[in-house]
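Chains as they are written, first to last, in my numbering: chain H, 1 to 429; chain B, 1 to 542.
By construction, these hints were calculated from the structure, which means they are not laboratory data. Treat the numbers as computed from the prediction; the structure is a model and nothing was measured. Ideal placement from N, C-alpha and C gives every residue a C-beta, glycine not left out. Some hints here could point you the wrong way.
Incomplete in silico selection of chain B near chain H, CB under 7 Å [unchecked claim]:
#  : residue
1  : S82
2  : E103
3  : A124
4  : R125
5  : P128
6  : S171
7  : G174
8  : D278
9  : R283
10 : H284
11 : Q291
12 : S292
Using C-beta positions, here's what the derived DEER-type ranges look like [to be verified]:
#  : chain 1 : residue 1 : chain 2 : residue 2 : range
13 : B       : N280      : H       : S55       : 38 to 44 Å
14 : H       : G209      : B       : N280      : 41 to 47 Å
15 : H       : P87       : B       : E415      : 51 to 57 Å
16 : H       : A320      : B       : D288      : 47 to 53 Å
From the derived model, a few chain B residues whose C-beta atoms are all more than 10 Å from chain H [what the hints assert, rightly or not]:
#  : residue
17 : P41
18 : G91
19 : R150
20 : R204
21 : R256
22 : P279
23 : T307
24 : T530
25 : D532
26 : E542
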Amino acid sequence: MITRRSMLRGMLGGAVVTLGLPWLEARAQAAGFPRRFGLFFWGNGVLPDRWIPPSEGAGWTPSPLLEPLADLRDRVSVVTGMQLGVPNNVPHFAGAAGILSGAPLIDPYDNETFSVPSVDQVIAAKLGGATRFKSLEFGAEAGQGHSFNGPHSRNPPETSPHALFERVFGAGFRLPGDEPIVDPTLALRRSVLDAVNDDLRRLKMNVSGADRQRLDQHAEGVRALEMRLAALEMDPPDLASCARPDEPAAEYPDIEGRPQLAAKNEAFCELIALALACDQTRVFSNWFTEPVGNVLFPGATSGHHQLTHDEPGDQPEVFAITRQCVEAYATLLRAIQRIPEGDETLLDHCAVLGTSDISLGRTHSLDEFPILIGGSAGGKLRTGIHFRSAGAENAGKAILSIIRAVGVEAASFGADVGEVRDGLSAIEV
Amino acid sequence: MFALLVASACDSSVNGGPGPDAFVASPDAAPPDAASADAAPLPEAPALAPTLNRLTQAQYRNTIRDLVGADVVQPPTLEPDSKADGLVAVGAASSTISSRGVEIYEQAALSLAEQVLSTPERRARVLPCAPRGPDDAACMRQLVERFGRRAWRRPLAADEVEAVVALGLASGGGDFLTGARYALARLLQSPHFLYRVEIGDGQRLGPYELATRLAFFLWNAGPDDALLDAAARGDLDTPEGLGREVDRLLADPRAREAVRNFFEEWLGLDELAGLRKDPNIFRHYASDLGQSAREETLRVAEDLVFTQDADLRELLRTRTTFVDRRLAAIYNVPATVREGFGRVELPPDGERRGFLGQVSFLAGQAHPTSSSATLRGIFVREALLCEDMPPPPANLNTAIPQPSPDARTLRERLEVHMLDPNCASCHTVTDHIGLGLERFDGIGRARETDNGALIETAGELDGTPFADAADLADVIADDPRFPRCFARKLYSYALGRTAGREDAATVRALGDRFDARGRRVLGLVRDIATSDAFRTVAEVAE
């Protein structure tokens, strides 16, 4: 957090400070530890019969697929029995859009875009202004990811831990207590960005409404970078647990035609935990694998997607793969939980949603949708419970509860037939 | 009931798009009269609202290479491309620049500007004068005017020049080159560089906009000085002048890069970078096999288009290919060179021929541990015949049976699948094609048996029978939908938007002409580049 003294020094010390008001407000208002939102996403769903915990309420008993979360049980809530409110017109993609944006696809033949922002960006629009990065996106086998600012406006994920390390902890990162950076080139770079913004503003007058939106998106990125450069001239955030992580391996070569999913994910999780601890961002999404992803998992005899359809019987290979996905989610929660914040841990100040694009892969079903929530978002969410919806409620209600819990005053989540206006009170405190 | 299901699920009319029928004659329609199609003028050009296409990764890199030199280190990553209608060139009309993209382009611009000013030799590429001091405004102006015209693909307006010059002079801190660096970096971060601003006057593109569209179509890079000069002189407004420039661009080596890029997008070869196979099943797999396979297909395409100027159908029929040692091993032919790619002739009586016999297709459209009749069939339908395949309906059991003594081959297993009318409506359309290719396994090796049973390849494509893959290549090559589909894809690619209903007549006429003239790709490229449709636009949409 920034002190009044250091803020004054930043303003009066001769450095050019052109911060927007929201940035200062967010800093000034931050009392206690900030709340953060994370998303962990894997493709191709689950096996609901081995997913649903056998007991409801507090102290849930891990199901076979949720066993990797056994040691985190009191920090994780499981929500079952809910379904998506959107039409299931494009297997996998309709479900990804349904759970992550609460809205149907624009065009049932166009799986390239959501119609409205994804949940991480709904939250980042409110929480993102306070930090160097509005949000961070990454993932071991992320593909294009599904973090959308709006139609066709995707935030592409980093697929290399080293690239994420360079981006967050390379040039421009400062530890708490580091002096503000005195670098005349920062002002020059910002004057260039100002000029680029002028270009964007003038060009916007000559293009179509759709293209204007695209240029607005571009301009938002330019403003974000201007703020990031300006922030270098101020004191860095001074959270006690902040540290620079070890540099991850440059590459994670495939082994036997199989990506090193677990190792890569672990490296990403270590990085994001410290990125949160250093308040470099408050919103992230971890795209572990992608919808329809046909990755060869360790030990599997075929690609994941193919197995969900073709493996006979009770699908032991799909089971083993889904367990690995849950294990990767547990890895993320543990990395975050390891970091102390005050008397609690970083995880206590987070809500980390774990979900997928469908429920049962074999039939592409959207009922019995998998939803995991790690952390209580600063005591706003109940943890350690299994809530089972009796009436197949819209899964968007759980998402709306999360959005509100991390501090976004939202009247609703989603759009069109997927829209919800009520949260899920059973998981709210 | 069966016919009804076919109509409801695998009929492209549900797509909402124009569907193939609007573009191509149905397979049983009478072929167009060659002579009249050849001579007929194109119909009136469709006028659609212009779009602002972002430079694709390849366009950014090629344009930068031409601007600052091939020896300058390019940024390691760029904003990802997105596809529409299977084409990156069309996806560019809707893709945006994220905040990570802004970071990337900023770092790239600063680094590129620094590098090109770092040595006298490089400097000469962008700086036409010797600065007489840190405040040499005249020299800064020359730099901005010259580099700006190339980077923004039009002369800068006077106020634009002055603003950049002022920024350059103010940024130097007593050093001209430092200021120049910021001026260049500013030009390279501008939307005028990062997007193709081809807006027109409500009716047609202006000369510089046309030059830009020509350069990106024919070079996949920005225009050079000569093309901008031609635009300035008004040459592009006359058929002779336009034809002259099109021929000049096509004679340049960059045209080969551009044609390769089109084939890469059309045939989805970019996906091969992530090709993964289980090496325990496919001992020929290595992590760079995908790159080898991509290169083979691109070399065949380049040879077909430029060296042979051959009928497009040869893409499917040719026995000539270019392989490295790894591909030679998969094809079981001797490699002709130790390093790199050598030309080889496949056995004249073998089943392997053309693109459908190449690893890029056979392994690319397959699973990591097995072949896939469905993926291969869908690809043929969508990419080669321009049919839109709907996604499978939801809430169906999609499992195909495992191999058993009763059903050992994929065909036998899929037959069970096809007993379910919900599945059959589409899978008969796709799988019959793919099953004809089953004597190539999931990496593209020839085989006779599947799970110990002999593979049967005979089938039919919309009523035309074929015996095996070699035969299927002929059937698709001779299908009138194939050249027309190619024309439609190339047209969408050239204009950077999906050919829609309004374009159907033009695309059909271009396809007829292409067909009548022996399906020479460069002929079609020329026809598109010089067509009214290529430079016609409507008012900017609200």
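Q. Does B:E103 meet its interface restraint, that is, does its C-beta lie within less than 7 Å of any C-beta in chain H?
A. Constraint on B:E103 satisfied, holds at 6 Å.
Quick check on B:P128 please, does its C-beta sit within 7 Å of some C-beta on chain H? violated (22 Å)
Report holds if the minimum CB distance from B:G91 to chain H is greater than 10 Å, and violated otherwise.
At about 7 Å from chain H, B:G91 fails to clear the 10 Å cut-off, so the statement is violated.
Assessment of proposed distance window 41 to 47 Å (beta carbons of H:G209, B:N280):
Violated - the Cβ-Cβ distance for H:G209 and B:N280, about 54 Å, lies outside 41 to 47 Å.
Note to self: For B:T307, is the shortest CB-to-CB distance to chain H above 10 Å, so the non-interface label stands?
What the structure shows: It holds; B:T307 is separated from chain H by about 35 Å at its closest Cβ, greater than 10 Å.
Interface restraint verdict for B:S292 against chain H (beta-carbon cut-off 7 Å): violated (16 Å)
*asked:* A closest beta-carbon separation below 7 Å is what the hint needs, so does B:R125 meet it against chain H?
replied: Hint on B:R125: violated, closest Cβ of chain H at ~21 Å, above 7 Å.
(request) Indicate whether the distance between the beta carbons of H:A320 and B:D288 respects the range 47 to 53 Å. (result) Because 29 Å falls outside the window, the suggested range is violated.
- request: Please settle this one: B:R150 was flagged as non-interface, so is its CB more than 10 Å from every CB on chain H?
  value: holds (17 Å)
Status of B:D532, Cβ more than 10 Å from any chain H Cβ = holds (22 Å)
Hint status (Cβ of B:D278 to nearest Cβ of chain H, threshold 7 Å)
For B:D278, the interface hint holds, since the closest Cβ of chain H sits about 5 Å away, which is under 7 Å.
Would the least Cβ to Cβ distance between B:R256 and chain H come out above 10 Å? Consistent with the label, B:R256 stays out of reach of chain H, its closest Cβ about 29 Å off (over 10 Å).
Violation of the numbered hints given earlier is confined to hints 3, 4, 5, 7, 9, 10, 11, 12, 14, 15, 16, 18, 22, 26; the remaining hints are satisfied by the structure.
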